[in-house]
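**Q** Residue-level listing of the chains:
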Amino acid sequence: MAFRTKMLLLEIIEGNRQLANIVYNLLLFIPSAIIFFRINSLNRIYGHKGLMHFRNTFLFLAAAFAARTIMGIMLVPRMHSVISDFISEGSLVIVVSMLNGIFEFALIMAFISLGYSLVWKHVSESIYVGVKVRTETLLYGIAILIAFIGYFTSNQLSLIAAIFFVMAYALHVTYSNYRTAVKDRKRNNLLQMFLITLIMISLILIMGVVGALITPIFPQVAVYVYVFTVGIFWLILFGILYMTDMR
Amino acid sequence: MVKKRERLEVIHDILVAVRDNGNSIKPTRLLYASNLSPQMFKEYCQELVDKGFMEIVEDRKGKKNYILTEKGFNFLSRYRVIVDFIEGFGL
Numbered sequence: 164m165a166f167r168t169k170m171l172l173l174e175i176i177e178g179n180r181q182l183a184n185i186v187y188n189l190l191l192f193i194p195s196a197i198i199f200f201r202i203n204s205l206n207r208i209y210g211h212k213g214l215m216h217f218r219n220t221f222l223f224l225a226a227a228f229a230a231r232t233i234m235g236i237m238l239v240p241r242m243h244s245v246i247s248d249f250i251s252e253g254s255l256v257i258v259v260s261m262l263n264g265i266f267e268f269a270l271i272m273a274f275i276s277l278g279y280s281l282v283w284k285h286v287s288e289s290i291y292v293g294v295k296v297r298t299e300t301l302l303y304g305i306a307i308l309i310a311f312i313g314y315f316t317s318n319q320l321s322l323i324a325a326i327f328f329v330m331a332y333a334l335h336v337t338y339s340n341y342r343t344a345v346k347d348r349k350r351n352n353l354l355q356m357f358l359i360t361l362i363m364i365s366l367i368l369i370m371g372v373v374g375a376l377i378t379p380i381f382p383q384v385a386v387y388v389y390v391f392t393v394g395i396f397w398l399i400l401f402g403i404l405y406m407t408d409m410r
Numbered sequence: 033m034v035k036k037r038e039r040l041e042v043i044h045d046i047l048v049a050v051r052d053n054g055n056s057i058k059p060t061r062l063l064y065a066s067n068l069s070p071q072m073f074k075e076y077c078q079e080l081v082d083k084g085f086m087e088i089v090e091d092r093k094g095k096k097n098y099i100l101t102e103k104g105f106n107f108l109s110r111y112r113v114i115v116d117f118i119e120g121f122g123l
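As you go down the protein sequences, you meet chains A and B in turn. Quick note: the first sequence, position 119, residue 282 per our numbering, numbers continuous. Quick note: the second sequence, position 67, residue 99 per our numbering, numbers continuous.
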């Protein structure tokens, strides 16, 4: 019975792929936005730089998934024909293309913000690259460059490589912090939870890449990846809501 | 040897000193309570006033006192949450 239900669910999702895509992006946008507002409420009380960049991670994630949601809605055939009554097909293509660019930029900025929030204390505020630029400005520039490369070459390799690099670095930094905490005998369940969360997000990324490669052969794999990803995001949401609740 | 206090902890200690003194404290008294050098004390207080955590008011004798603002009280009530969050995530 459970197997039949599962197969039926997979059939429904397969048959309504566009709708499933919209719901998926919406289910990632909602927790990202809520987390952003919750962390922002803390940052408004005390403007800590690490907290600010950590908050920005979820701002950019929310922006990325919002762009994908809107893109998905615009590409639904019925919506597409309604929108076409108001704007030309050419303009529609440009808007969808821009939304895709926004998605790529926001996604890479989200991971860069995450990485920077962990290492900002050890990095100087300005870096000399021919001229003196603020580190944050340089990171924005790198994100725009990577998004441009992906956008104009229609090749997501640079985007994926950048995200993996940042995730690997974030994992390394968090694991080092965790080892230091254990060595100093400072029990920190939250740091442990964060490390586990980063490992799970890395797994999602790996599964996403593998899933994209083998989806043509095993379409159900993509569904499992989507469900796992949504599950992780909502777990992170509940974790942060619990931690930041008024005590 | 006394462990060096983190920035957030110093700010917390200053604001607590103001609050525990009936939300009005003279600069000299606050200096002693904060356990900071005069130079660091001046920098921290200026920052706290600039960021709206404290205000300087004059009493009836024209003497300056530090008081907490609503933002300052808010910080104290959420201090533990903020510290746990920052330390927990290693930010």
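One or more hints might be untrue.
[Stated by the list, open to error] The calculated lysine to any residue pairs, modelled on SDA-like cross-linking and capped at a C-alpha distance of 20 Å, are:
hint, chain 1, residue 1, chain 2, residue 2
1, A, 212, B, 112
2, B, 103, A, 346
3, B, 83, A, 210
4, A, 284, B, 106
5, A, 212, B, 41
6, A, 212, B, 120
7, A, 212, B, 62
8, A, 212, B, 42
9, A, 346, B, 120
10, B, 74, B, 56
11, A, 212, B, 52
12, A, 346, B, 116
13, A, 284, B, 42
14, A, 212, B, 76
15, A, 212, B, 78
16, B, 83, A, 203
17, A, 284, B, 114
18, B, 103, A, 201
19, A, 212, B, 111
20, A, 346, B, 119
21, A, 284, B, 49
To be clear, the hints were calculated from the coordinates, so they are not data collected in a lab.
**Q** With reference to the structure, classify each hint as holding or not holding.
**A** A quick look at each hint next to the structure:
A hinted pair counts as satisfied when its Cα atoms are at most 20 Å apart, and residue 212 (chain A) with residue 112 (chain B) qualifies at roughly 17 Å. Proximity of residue 103 (chain B) to residue 346 (chain A) is assessed by CA-CA distance (about 37 Å); at most 20 Å being required, the pair is judged violated. Between residue 83 (chain B) and residue 210 (chain A), the direct Cα distance comes to roughly 9 Å. Compliance with the 20 Å bound is thereby established for this hinted pair. For the proposed pair residue 284 (chain A) and residue 106 (chain B), the alpha carbon gap of about 26 Å is over 20 Å, so the pair is violated.
Proximity of residue 212 (chain A) to residue 41 (chain B) is assessed by CA-CA distance (about 16 Å); at most 20 Å being required, the pair is judged to hold. Proximity of residue 212 (chain A) to residue 120 (chain B) is assessed by CA-CA distance (about 15 Å); at most 20 Å being required, the pair is judged to hold. Taking the CA atoms of residue 212 (chain A) and residue 62 (chain B), the gap is near 27 Å; set against the 20 Å cutoff, the hint is violated. Restraint check for residue 212 (chain A) and residue 42 (chain B): satisfied, since their Cα atoms lie roughly 17 Å apart, inside the 20 Å limit.
With a C-alpha separation of about 16 Å, the suggested pair residue 346 (chain A) and residue 120 (chain B) falls inside the 20 Å cut-off, and the hint holds. In summary, the hint linking residue 74 (chain B) to residue 56 (chain B) is supported, as the alpha carbons are separated by about 17 Å, within the 20 Å threshold. The hinted pair formed by residue 212 (chain A) and residue 52 (chain B) fails the criterion: a straight-line CA distance of about 28 Å is larger than 20 Å. Among the hinted pairs, residue 346 (chain A) with residue 116 (chain B) is consistent with the structure: their alpha-carbon atoms are about 19 Å apart, no more than 20 Å.
Distance restraint check for residue 284 (chain A) and residue 42 (chain B): the Cα-Cα separation of roughly 18 Å lies within the 20 Å cut-off, and the hinted pair is therefore satisfied. Restraint check: the Cα-Cα separation between residue 212 (chain A) and residue 76 (chain B) comes to about 17 Å, which is no more than 20 Å; the hinted pair holds. Taking the CA atoms of residue 212 (chain A) and residue 78 (chain B), the gap is near 19 Å; set against the 20 Å cutoff, the hint holds. For the suggested pair residue 83 (chain B) and residue 203 (chain A), the alpha carbons sit about 16 Å apart, so the restraint of at most 20 Å is met.
For the given pair, residue 284 (chain A) sits about 17 Å from residue 114 (chain B) by alpha-carbon distance, which is consistent with the 20 Å threshold. The straight-line distance between the Cα atoms of residue 103 (chain B) and residue 201 (chain A) is roughly 17 Å, inside the 20 Å bound, and the hint therefore holds. Simply put, residue 212 (chain A) and residue 111 (chain B) have alpha-carbon atoms about 16 Å apart, close enough for the 20 Å limit, and the pair holds. Proposed proximity of residue 346 (chain A) and residue 119 (chain B) is supported: the alpha carbons are some 16 Å apart, at most 20 Å.
For the suggested pair residue 284 (chain A) and residue 49 (chain B), the alpha carbons sit about 28 Å apart, so the restraint of at most 20 Å is broken.
Taken one by one, the earlier hints fail for this structure at numbers 2, 4, 7, 11, 21, listed in ascending order.
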